[in-house]
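Each protein sequence line maps, in turn, to chains A and B.
With the numbering used here, letter number 316 in the first sequence gets 320, and the count goes up by one each step, no holes.
With the numbering used here, letter number 253 in the second sequence gets 257, and the count goes up by one each step, no holes.
Errors might be hidden in some of the hints.
Because identical chains cannot be distinguished in the list, a pair is counted as satisfied if it fits within a single copy or across any two copies.
Taking lysine-lysine and the DSSO-like style, the derived pairs with C-alpha atoms no more than 30 Å apart in a straight line are [to be verified]:
1. K358 - K20
2. K173 - K99
3. K358 - K84
4. K61 - K18
5. K340 - K421
By construction, these hints were calculated from the structure, which means they are not laboratory data.
There are 2 protein chains.
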Amino acid sequence: MGDVDYFGYRGTVKEKLISINAKIGDRLRVRRGDRVFEGLLMPREALYGDKPYLVIKLDNGYNIGVYVTKDTVIEKVAEKKSLLLSRPSTRSQNKSLPSIVMLSTGGTIVSKVDYETGAVKPALSTDELLEWVPEISEIAYLEVYEVLRIFSEDMTPGLWARIAEEVYKYMTRGYDGVVVAHGTDTMGYTAAALAFAIKNKPVPVVLVGAQRSSDRPSTDSAFNLKSAFLVAAKAPFAESVIVMHGETGDSYALVHRGTKVRKMHTSRRDAFQSINDLPIAKVFPNEKRIEIIGRILFKRDRDLEPVLENHFDEKVILIKTFPGIASDIIDYVIDKGYHGIVLEGTGLGHTPNKLIPSIERAVDSGIPVVMTSQCLFGRINMHVYSTGRKLLAAGVIPGKDMLPETAYIKLSWVLGKTRDLREVRKLMLTNIAGEINPRITVNLYPRWLQ
Amino acid sequence: MGDVDYFGYRGTVKEKLISINAKIGDRLRVRRGDRVFEGLLMPREALYGDKPYLVIKLDNGYNIGVYVTKDTVIEKVAEKKSLLLSRPSTRSQNKSLPSIVMLSTGGTIVSKVDYETGAVKPALSTDELLEWVPEISEIAYLEVYEVLRIFSEDMTPGLWARIAEEVYKYMTRGYDGVVVAHGTDTMGYTAAALAFAIKNKPVPVVLVGAQRSSDRPSTDSAFNLKSAFLVAAKAPFAESVIVMHGETGDSYALVHRGTKVRKMHTSRRDAFQSINDLPIAKVFPNEKRIEIIGRILFKRDRDLEPVLENHFDEKVILIKTFPGIASDIIDYVIDKGYHGIVLEGTGLGHTPNKLIPSIERAVDSGIPVVMTSQCLFGRINMHVYSTGRKLLAAGVIPGKDMLPETAYIKLSWVLGKTRDLREVRKLMLTNIAGEINPRITVNLYPRWLQ
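Use the sequences and the hints to build the structure in full.
Here it is as structure tokens:
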């Protein structure tokens, strides 16, 4: 495990960060000669190549890379903050109810329209949320913390690590469930990341978002929040799931397994859908009822000790193939020092044959290459056609029925543990968090003509 | 238009190729000093950077790049071949029926299992096809030509140009329809390419494939072929369409508009589905009946003069964004001299904000950047959130409800006509071949829970 990086950092920078136990989001002061930089520690960005740069977010919001030499001094000024936003809230709460923590990361569900520009901007207003959804106080005893305040399109693997650490913290403190408010753009990715990053979850972690801003009449925030809190408080399973509208009306929400869910529509309330798996449950929030319709893989069990494994390798790339793709892009990724490649190929798991020499070079350079399909539905099978067989011979790891996005997250997570190719292959082929469905039934393909 | 390349070639190589009227697939002899190379002209590959290489396919199947100097002599040895495979066929045909040309490009529909290796390999057997589907002789007078013999994963924009030229040729010769047999991996891409490459189609061009090899009992070849020939011979529309199984049984096939169709399953017979548009029609081949269920945008009209516009710029890249994406990949694409970028962003059309400076640099360098969504369903709207507004300010062209794959093909085609950014923007925003649906209705989203 000696070659594993630390939030993307290696060598001297890694050693210095470990020596002060620096975590992403901690406030650091960096002195190099007579220059001093201060800001929040960010995960390493591929942008800086292999050079010993430390990335910090300055107070003006910009990220900079500080070149680190042996003589550079890095101090921790403050631990990263997570802001308590609502305990005690203005309304009285019933402490005999299940205790739920809501972690806010940003997104439409905690957003308002900026009336100056007309655009929606993240701006948390806990009291407003509680006012909109008074039913929550009948379901749970609630605490709300702000972990991040970002658009979800700006989410990174380093920030998944941070969210996972917060979720883990509250799980170990005995809460009955964790709700994560998240922007919908990349909520599916984060749900999968949390599925891998915490093993032995005693209680569920429920991601929830909104497709329409909370101060619009058509908002889906309240319905989704009620449903999410119900699942966090009462569901018999303890997985990383997404809870969102099941159809356009307010009849039910669906609980999607984090590793099998995808945002399939730019604007509909029922944009999130399970692919190659049934949703785990339907939720009828007004009746406070959860109906199990799919498979429960991990049961709620307060005696379980959660295990945090939240290191994601940032140097993993997802490449979708297309007819004009040239092998230069694979060569670039190898030469640039990426650690892993997930291909979103065509059909049963193919790329143009002309890419195969470069793919083979990647594998020979110790870079695992995982195959998924841009069809999204169905399973990879690389034994049917000669192209698939050649790709297997080149060392490509078949991604089974994993979503391309889930395979990408899983590979980042696996590479956070090991870069040994045999070990990576074994883990990628092992079903860890429901990302592989051994039995895809006919009813999992939606009905297209209505 | 002086800066437009010729199948990817520029400068001296372009001039020499134009002087001998060389087309993709023509057999060339290249003399440089005392070295002689002979093979089929292939489109330029990005692999060779900006250097004056000519790409030819040798008889051993390998592509090589021949460095071209002023003194290099390029001769045309033979025009590209299209092999007549079945006229007159062994069965007598009825010449009073509509005349249909089938162009074979390869793929499972014209494949057999290689019993030595167990894998499926392309190998056309026209007589077998006709034996399997005797009903075709009741529908049409048939001629079959082999244009290519490739796996569809090896399809390229240069080969789209070649297929388009063949389709155009038979359209101008007064045939009543053209069927293109194609591998399913990239059939959706080729269908969209043919939608753009031939304007004013007098008759339909129908792409058809098979998900199961023709010599397997479960093959869908016969049903699909019957349906495709029926559409080519009798449909009232003249668009580039895909005809494939509409559900798993043999009840009906669906006719999908080429610009709105996507392979959505790795193995099911009904893998092809229309996105953000209804299929144009249902086909009941056994009843020889076509039922229009969607919109007809271009009517069959034998008096129309087709126009061939089959130049696709090969230096266009499709980039799917994901949380760990770094801006270096955009920088690479700019520095490598790509001509256009299609982004498959998240949600309503977003990328991480950290990519925006590189995206702006691309646009400032004259490289159009088009935004689509990895949600696939729904429409881009970059006015709702500040990230979208910043991307618009950086010059990104919103892809409306275009599929990422269709936007990629359209941009390749537009860049084959012009590299003027204003002109590119105008064409990308104009509905040319049904790629933009101004009115997405609720029933276009499939029903997920069955």
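Outcome of the hint check:
Proximity of K358 and K20 under a CA criterion of 30 Å is satisfied inter-copy only: 26 Å between copies versus 44 Å inside one chain copy. Within a single copy, K173 and K99 get their C-alpha atoms as close as 20 Å, which meets the 30 Å cut-off; across copies the closest is 78 Å, which misses it. With identical chains, the CA atoms of K358 and K84 are at most 30 Å apart between copies only, with a shortest distance of 22 Å across copies and 48 Å within one. Taking the shortest alpha-carbon separations for K61 and K18, only the intra-copy value of 18 Å comes in at or below 30 Å, while the best inter-copy value is 49 Å.
With identical chains, the CA atoms of K340 and K421 are at most 30 Å apart within one copy only, with a shortest distance of 21 Å there and 34 Å across copies.
Taken one by one, the earlier hints all hold for this structure without exception.
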